[in-house]
Structures are given as C-alpha cells and as structure tokens.
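Trainee: First to last, the sequence lines map onto chains A and B. The numbering of the first sequence is the working numbering, which starts it at 1 and goes up by one. The numbering of the second sequence is the working numbering, which starts it at 1001 and goes up by one.
It is possible that part of the hints are untrue.
[As the list claims (entries may be wrong)] Some residues of chain B that are not near chain A, with every Cβ distance over 12 Å (derived): (1) N1031; (2) D1066; (3) R1070; (4) K1076; (5) S1105; (6) E1106; (7) K1111; (8) R1125; (9) E1126; (10) D1129; (11) L1132; (12) F1136.
[Unchecked claim] Keeping only pairs whose Cα atoms sit at most 30 Å apart, straight-line, the calculated BS3-like set for lysine-lysine is: (13) K234/A - K1030/B; (14) K95/A - K84/A; (15) K69/A - K1115/B; (16) K112/A - K1130/B; (17) K95/A - K1043/B; (18) K1030/B - K69/A; (19) K71/A - K1130/B; (20) K1048/B - K304/A; (21) K1076/B - K198/A; (22) K1117/B - K1071/B; (23) K112/A - K1117/B; (24) K304/A - K1115/B; (25) K234/A - K1114/B; (26) K1114/B - K71/A; (27) K1117/B - K71/A; (28) K71/A - K1115/B; (29) K1111/B - K69/A; (30) K86/A - K1115/B.
[Claimed, not checked] Non-contacting residues of chain B with respect to chain A, defined by C-beta distances greater than 10 Å in every case (computed): (31) G1022; (32) D1035; (33) G1055; (34) K1071; (35) I1072; (36) N1090; (37) A1108; (38) K1110; (39) K1114; (40) K1130.
For the record, the hints were derived by calculation from the structure and aren't laboratory data. A quick note: this is a predicted structure, and the numbers were derived from the prediction, not measured. A virtual CB, placed ideally from N, CA and C, is assigned to each residue, including glycine.
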Amino acid sequence: MKRVIAVFFLFISVVQATELQYRFGRGLSIDNRFYLGGYTSLQYEYRENGYYEYKVDDLAVLGFLRFNKFKIFGELEARNWYYKSKNTDGEFNLKLHTERIYLQYDFNEHFKIRGGRFITPLGIWNQVHINALKWTTSDPVTAVWFYPWFSTGLDIFGFLPVLSENTEYHFFIQKTKNIDHEYNNVKSDDFIGFQFKKYFDVNRYAGFNGGRFYDTDLRETTTFVGFFGYLNIKRFYLMGEAYLAHENEEHHTSYSSRIDKESYYLQMVYRVFSRNYLILRNEYFNDRSDNGYLHVWTIGWNYKPRFNISLKGEFQIFEKRANRFLTSFAVLF
Amino acid sequence: MKKSIRVLVFIICMFFSLNAHGEVVVVTGKNTPIDSISRQELKNIYLKIKTFVNGHRVIPVNLPPDSPLRKIFQKKVLQMDSEQLNIYWNEMYFHGIEPPLVLSSEEAVKKFVKKVKGAIGYIRRENVDKDLKIIFIIRER
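Put together the whole structure using the sequences plus the hints.
Mentor: Laid out in structure tokens, this is it:
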C-alpha cells in the first residue's frame, strides 16, 4: 500500500512539473515526449448459413517515449475481450498480452535499428491491421495467411543512401521464440525477411518484399515473395498486394520453385461525401497443397463521424462459402 | 508617354509588393545547417516520413489548425485535405509517430526555431528577421 501511495505521489509530482495534454484520438502526451493512448472495437458478423458472432474485438493500450534518437514503444492488448457466437456462450478474456515492445535508435535517415517485438514490416495491410485503421472490418486473406504479423528480433531500416533516396528498406531477423505467442497468426522462432518500398510521393508508393519463416506448429518452412502498391489522389484510394509462397514440410530443406500458395487483393476506396467512404475489394487465394481456395468480393461503407471513430458495414460475396455481413465500431483514444 | 510608363512601373511595383506581402516562408534558425529545401523534402519532413536533412535531425513545427497560414501550407506543400491528413496521422499514431508540434503563433514559431537546432516552421515573409534563414518560399497565388 505504501508503494502505491509513493508511486501516486511521484506521478502527481511528475505531472505537475510537466506539460500534460490529452486529446481524444491522440492520447495523453507528457512534455511532447511520452504518449499514452489506445484503441478498442466492437464487431458483429452474420453469415447466410445462420451463424453469427459478436465481440469486443480488441482493447489495447499503447505508449511510447521519444528521447532524441531513442524511442521506446509498448502495446498491451486483450483480444476478444468479450466473445459470443451462435455455438458458444458469452466468454470474457481479460488477459493482456504484449502486442509490441521494442527499443528503436535512429542513427540517421539511412540506418535505424529496432529490437524487440514489432509488427512485421511488410506490405500495407499488416501495418494498419487494427479495426480503427482498416477500411473494412474484415481482413483480406492475403494479409492473413502469408507471414507472421509480429516478429521478435531485430529490424534494420531506413532510406537507401544510394541509387534512390526515396526508397525505404527493411531487413529483419528473428532467431528466437516470440516475446509473446498470443495474437500472432503464426508461431515461429525463425523468420527472416526484407522489403523495398519506393515512395513516388507520400501518397504514392510501391514495393516488393520476401522472406522465409518456420511454423513451429505445422513444422513447415514457408518462403514467400510479395508485391504491393498504394495510390491516394484526393478522395480516391487504391491499394493492392500480391504474394506467392512455397512450403517445405521440413525445416531448411532445399528450395524448389513450386508455388504452393498465391493470393492477391485489390481495394478501391472513394470518399463519396465528407467522412463517408465507399469500399470495393476483390481478393483471391489459392493453396494447392491444402486445397484451399477463396474468391471474395467485398462492398462496404465506412463512416467516420470523428477522425478517430469509425463505423463500418460490409457485405462479402464468397464464391464457395456462405456470404456474410459484418459491422463494427472502432475508436482510437 | 512618360506618364503612362510611370503608371505602368507603379502597377508592376504594386503587384510585386502585394505578392511579397502574401508570401509564406519556411524558416529555420541560423544554427541549423539547412540552407534550402525542396517542396517534396518539406512534405516528407512535415509528414514525418523523413526526420533528417543533411545528416541532421529536423523538428517541424505547425501553427494551430485554424491558422490561415497553416491552411496555405497544407494546401500548397502537403497537398492533402484535412480528412486525408487525419487518416494519415491515425496510422502514424499507431506506429508511435506523432504529428508536428503545434505552436500558438508566428512569434512562438520564430522563438522556437531560433532556439532549437534543427527546428523549422513557417511564417509570413514580413515577419522574418535577421536571425532567421528562409529555406523555402510558398506563394499563395
């Protein structure tokens, strides 16, 4: 109890000595150095075969401290905080897990390094995978089934010092268990990858990437390559990603050129009128080794009554599965 | 004939003086090793895509959202409207990148860029003094 009181008084004295500011959607900032915020979302899904589910999808707290060239970043999250489906009773999950925790040092524009658990720095969708940032409630399969969302290791990145000063690179490596296995789509202890992203403008970029990881659950090594592009002109957004992957059931066996998985998505977003966006997406996935196939059209609407709040609704038309309707509410705080 | 030339010269002078009056300039302190910058570089800096210029860390500062100068800067340099910027900064916030620091007035911007090495900001041209360097000129027209 004494400790709690001491920490409380320490906090009060720090707060009094500093500039404290809270802005809904941009979090609490202390001295423009430390930021504390978070996000949450509610989601409902109904499929044409009668299945339904609703959930408090995520509840997360994130904080970061910037000091000159250093940055410390942390994020804790409880996913499926409340979950209820047609087949299950309502369940609460109040366990917080480490989504991200890393230390970053920027030597200069060409050489920055981060170590810890971070979002795998590949593609477009994976960088903004939370409900509050995505254009749709659903994720395209392309962004789910090709590489682990999170990596625990080292990432070296920056803008190329030669050839093209507007090309950003990433080289990352993981040779250890994840800091936290929860909320990662793939459990891996061996992951290596790269990405090159050429900015034609902040709103226009394209790039390619690749990597290899070992799935410790499936005991399978996957090698993948991908391409992506993003374009935003005024009210119009166009983005897409495509991936090819080869799978080996044994770790580090020799690579053959066989393509086991392929996928793409192409998404168009148009601001029909202020704060209201129409979304149209086409996605395709084919897994020859597991006979998986998916072809989906998604049409959706995203209403942003405030910059940090998103109300979404969408209908997904599947080629070989029951169509579904999704709606969600998400907020950054 | 002489009178008409005088009138013409007067009109030209008025045009240029009005134009100069309407100019917004990007400035930095004398201790910051940046002499000029391109519009694209400026955009990258204000959107925090890039944080270094010539090997030195840069600290962009903004005026409040309702400031007419900020609106000009947003339109001419960032070339993005408020909704585009909100979407952009939501994504950056998620990655631990905060928007540029907001200062309350041009006077505050001047004081800040003079004091902090690497700081850049925008003010009206007529408010530039001898301790500031102009590194980019934004023409309103």
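Trainee: For each hint, tell me whether it holds in the structure or not.
Mentor: Status of each hint after checking the structure:
no., hint, in the structure
1, N1031, "holds (17 Å)"
2, D1066, "holds (15 Å)"
3, R1070, "holds (16 Å)"
4, K1076, "holds (15 Å)"
5, S1105, "holds (17 Å)"
6, E1106, "holds (20 Å)"
7, K1111, "holds (16 Å)"
8, R1125, "holds (26 Å)"
9, E1126, "holds (29 Å)"
10, D1129, "holds (26 Å)"
11, L1132, "holds (22 Å)"
12, F1136, "holds (17 Å)"
13, K234/A - K1030/B, "violated (37 Å)"
14, K95/A - K84/A, "holds (17 Å)"
15, K69/A - K1115/B, "holds (19 Å)"
16, K112/A - K1130/B, "violated (36 Å)"
17, K95/A - K1043/B, "violated (41 Å)"
18, K1030/B - K69/A, "holds (22 Å)"
19, K71/A - K1130/B, "violated (35 Å)"
20, K1048/B - K304/A, "holds (24 Å)"
21, K1076/B - K198/A, "holds (23 Å)"
22, K1117/B - K1071/B, "holds (25 Å)"
23, K112/A - K1117/B, "holds (21 Å)"
24, K304/A - K1115/B, "violated (39 Å)"
25, K234/A - K1114/B, "violated (35 Å)"
26, K1114/B - K71/A, "holds (25 Å)"
27, K1117/B - K71/A, "holds (20 Å)"
28, K71/A - K1115/B, "holds (23 Å)"
29, K1111/B - K69/A, "holds (23 Å)"
30, K86/A - K1115/B, "violated (62 Å)"
31, G1022, "holds (25 Å)"
32, D1035, "holds (18 Å)"
33, G1055, "violated (6 Å)"
34, K1071, "holds (16 Å)"
35, I1072, "holds (18 Å)"
36, N1090, "violated (6 Å)"
37, A1108, "holds (14 Å)"
38, K1110, "holds (19 Å)"
39, K1114, "holds (18 Å)"
40, K1130, "holds (29 Å)"
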